[in-house]
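Peer 1: Protein sequences appear in the order of chains A and B.
Using numbering that gives the first Met the number 0, read the first sequence as starting at 0 and increasing by one per residue.
Using numbering that gives the first Met the number 0, read the second sequence as starting at 0 and increasing by one per residue.
Hint data in this document are derived by calculation from the structure and do not stem from the laboratory.
Note that beta-carbon positions come from the ideal geometry of N, C-alpha and C, so glycine has one too.
Mixed in with the good hints, there may be bad ones.
[Said to hold, decoys possible] Here are the simulated DSS-like pairs of lysine-lysine, each with C-alpha atoms no more than 30 Å apart in a straight line:
(1) B:Lys269 to B:Lys200
(2) B:Lys200 to A:Lys93
(3) B:Lys99 to B:Lys200
(4) B:Lys269 to B:Lys99
(5) B:Lys269 to A:Lys93
[Claimed, not checked] Some chain A residues well away from chain B (every beta-carbon gap over 12 Å; in silico):
(6) Trp48
(7) Ala52
(8) Ser53
(9) Glu61
(10) Ile69
(11) Leu106
(12) Ala131
(13) His135
(14) Arg140
(15) Leu194
(16) Leu198
(17) Met224
[As the list claims (entries may be wrong)] Only some residues are given here: those of chain B computed to face chain A with a beta carbon under 7 Å:
(18) Arg19
(19) Leu22
(20) Leu34
(21) Glu177
(22) Leu181
(23) Ala185
Here are the chains, one letter per residue:
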Amino acid sequence: MLRRLRKRSIIPGFGLTLGFTLFYLCLIVLIPLSATFLEASKIGWHEFWRAGASPRAIASYELSFGASLIGATLNFVLGTLVAWVLVRYDFPFKRLLDSLVDLPFALPTAVAGIALTTLYAPHGWFGAPLTAAGIHVAFTRLGIIVALTFIGLPFVVRTVQPVLEDLDRELEEAAASLGAGRLQTFSRVIFPAILPAVLTGFALAFARGVGEYGSVIFIAGNMPMRTEIAPLLIVTKLEEYDYSGATAIAVVMLVVSFVMLLGINALQSWNSERENMSVEQPVALAAGVPV
Amino acid sequence: MVGTLHLRSAPAVGESRLIRGTLIAIAVVFLSVFLLAPLAVVFAVALGQGVAAFFSTFSNPDTLSAIWLTLVAAAVAVPANLIFGIAAAWAIGKFQFVGKGILIALIDLPFSVSPVVAGLTYVLLFGAQGLLGPWLVAHNVHIIFAVPGIILATVFVTVPFVARELLPTMAAQGSEEEEAALTLGAGGWQTFLRVTLPNVKWALLYGVILCNARAMGEFGAVAVVSGHVAGLTNTMPLQIEILYNDYQFVPAFAVASLLALLALATLVVKSVIEWRIARRGARV
Numbered sequence: 000m001l002r003r004l005r006k007r008s009i010i011p012g013f014g015l016t017l018g019f020t021l022f023y024l025c026l027i028v029l030i031p032l033s034a035t036f037l038e039a040s041k042i043g044w045h046e047f048w049r050a051g052a053s054p055r056a057i058a059s060y061e062l063s064f065g066a067s068l069i070g071a072t073l074n075f076v077l078g079t080l081v082a083w084v085l086v087r088y089d090f091p092f093k094r095l096l097d098s099l100v101d102l103p104f105a106l107p108t109a110v111a112g113i114a115l116t117t118l119y120a121p122h123g124w125f126g127a128p129l130t131a132a133g134i135h136v137a138f139t140r141l142g143i144i145v146a147l148t149f150i151g152l153p154f155v156v157r158t159v160q161p162v163l164e165d166l167d168r169e170l171e172e173a174a175a176s177l178g179a180g181r182l183q184t185f186s187r188v189i190f191p192a193i194l195p196a197v198l199t200g201f202a203l204a205f206a207r208g209v210g211e212y213g214s215v216i217f218i219a220g221n222m223p224m225r226t227e228i229a230p231l232l233i234v235t236k237l238e239e240y241d242y243s244g245a246t247a248i249a250v251v252m253l254v255v256s257f258v259m260l261l262g263i264n265a266l267q268s269w270n271s272e273r274e275n276m277s278v279e280q281p282v283a284l285a286a287g288v289p290v
Numbered sequence: 000m001v002g003t004l005h006l007r008s009a010p011a012v013g014e015s016r017l018i019r020g021t022l023i024a025i026a027v028v029f030l031s032v033f034l035l036a037p038l039a040v041v042f043a044v045a046l047g048q049g050v051a052a053f054f055s056t057f058s059n060p061d062t063l064s065a066i067w068l069t070l071v072a073a074a075v076a077v078p079a080n081l082i083f084g085i086a087a088a089w090a091i092g093k094f095q096f097v098g099k100g101i102l103i104a105l106i107d108l109p110f111s112v113s114p115v116v117a118g119l120t121y122v123l124l125f126g127a128q129g130l131l132g133p134w135l136v137a138h139n140v141h142i143i144f145a146v147p148g149i150i151l152a153t154v155f156v157t158v159p160f161v162a163r164e165l166l167p168t169m170a171a172q173g174s175e176e177e178e179a180a181l182t183l184g185a186g187g188w189q190t191f192l193r194v195t196l197p198n199v200k201w202a203l204l205y206g207v208i209l210c211n212a213r214a215m216g217e218f219g220a221v222a223v224v225s226g227h228v229a230g231l232t233n234t235m236p237l238q239i240e241i242l243y244n245d246y247q248f249v250p251a252f253a254v255a256s257l258l259a260l261l262a263l264a265t266l267v268v269k270s271v272i273e274w275r276i277a278r279r280g281a282r283v
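Assemble the whole structure, with the sequences as input and the hints as a guide.
Peer 2: So this is what it looks like as structure tokens:
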């Protein structure tokens, strides 16, 4: 059976490693996830709709998606800028800042949460001058956006950086020698080349933000209908022993994350196709540069 | 040659000093505000009332047991996902078979599931109200609100790390070297240990340190299954939450500073590995 599914090879261990991989995934990931859908199916449509689409739940989805969208958009612009600066320019402490970009991946979310809250609280380093200026960040929706921008920061930078590094400078030289201005070269030559990577990073940051919990709950204020994110509502329902309510909201979020996973996979394959297509070659040949 | 040199120095390629300076300034300010400041504030608050106050945190038995539980959870989750990662990367990287794309997407799944939902799935399976709950209660097995639940939740959220780092490297290496070793009479294990492992060791190490950082720092999934039993089912991030909500800021940030140091160490190891890979690439 297995032999028919794969091409012949003398490398051993196919059955063992594939079998173990499937067994492990089923045990740790698939069976628990199926249990959630099984529980949800027991609830019944009416009850499911009451819990999963209550005004409070809908407010929390709107907040989680809206704040993630704004955070991911900020990272779309600033992440691309940071990737550009790190690849193209030299300045003091560049390598240090480059390594620090991964901090949101490595720093536990609870630590990020209390650190950001302390910074933006009314007496904090940033909170004091901002409060004096009439801008309240901690315990408002603005605080949630700050936390989700922090969490999503590495995604755009790290997907765009390698594409920018591989981008052939001769392409820009060709555009310039043909009379394009710098801005025109960027918008017509560079940006289309990095767009799949930027969008992949944007989608990853957005998906991460929607499910994010630890870094948000400290700075959010957690007021129902106002500053209560969807993952927190699940925790609140659980603490009230409202298992069907928690399950309904979790299923809504699971379905959304499956759809996003499919979208991200499509973006990633577009991204790698672009990289392999090697658009530089025909242009370079046309410009008379030996490849 | 002269033409190429002329093109390289053409002022049209590259930005004016003003634009260059402005872009660098924006990037440095953005990264300082969003990365350096949160890191700095952790250590500033932790050490704000002196070194003695900082160290007195670590005489609290609840804090010590939280540190111990974090180490235990990572000590199970990291080796489990290391073995899984190697098996998955071997099966996917060295063989062609139907359904490969689906399998890769399934391995990525824990990345796209909210940690809170991950925790909830275990509650619905093993909790007192859950599918297996009555059987577990009858046999006096405690998973939810106990240590096994915390370990399971930690394993779930860290499933993809090692596999994700190993897969591209193992696939890129191809199978020629292994086939040569096998043709020369080496056994399967021998081939793996002597040929494959040395080729992927940096990717493997990278996956392990990322997996470890996430395992020790996981909050959402663990918070749902923990039940917050002080001294029993609190990990370091949960202990930080309890201390912080109790307005014990110095102890909260003292524990947080340990995890921040772990994050910094992770970034240093990552930079060293990337530097080694780049140097090796340059030599080839």
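Peer 1: So, for every hint listed, does it hold in this structure?
Peer 2: For each hint, the structure was consulted:
no. : hint                 : in the structure
1   : B:Lys269 to B:Lys200 : holds (13 Å)
2   : B:Lys200 to A:Lys93  : holds (28 Å)
3   : B:Lys99 to B:Lys200  : holds (24 Å)
4   : B:Lys269 to B:Lys99  : holds (29 Å)
5   : B:Lys269 to A:Lys93  : holds (16 Å)
6   : Trp48                : holds (19 Å)
7   : Ala52                : holds (17 Å)
8   : Ser53                : holds (17 Å)
9   : Glu61                : holds (16 Å)
10  : Ile69                : holds (14 Å)
11  : Leu106               : violated (4 Å)
12  : Ala131               : holds (17 Å)
13  : His135               : holds (17 Å)
14  : Arg140               : holds (18 Å)
15  : Leu194               : holds (19 Å)
16  : Leu198               : holds (16 Å)
17  : Met224               : holds (19 Å)
18  : Arg19                : holds (6 Å)
19  : Leu22                : holds (5 Å)
20  : Leu34                : holds (5 Å)
21  : Glu177               : holds (6 Å)
22  : Leu181               : holds (6 Å)
23  : Ala185               : violated (10 Å)
Hints 11, 23, counting from the list given before, are not met by this structure.
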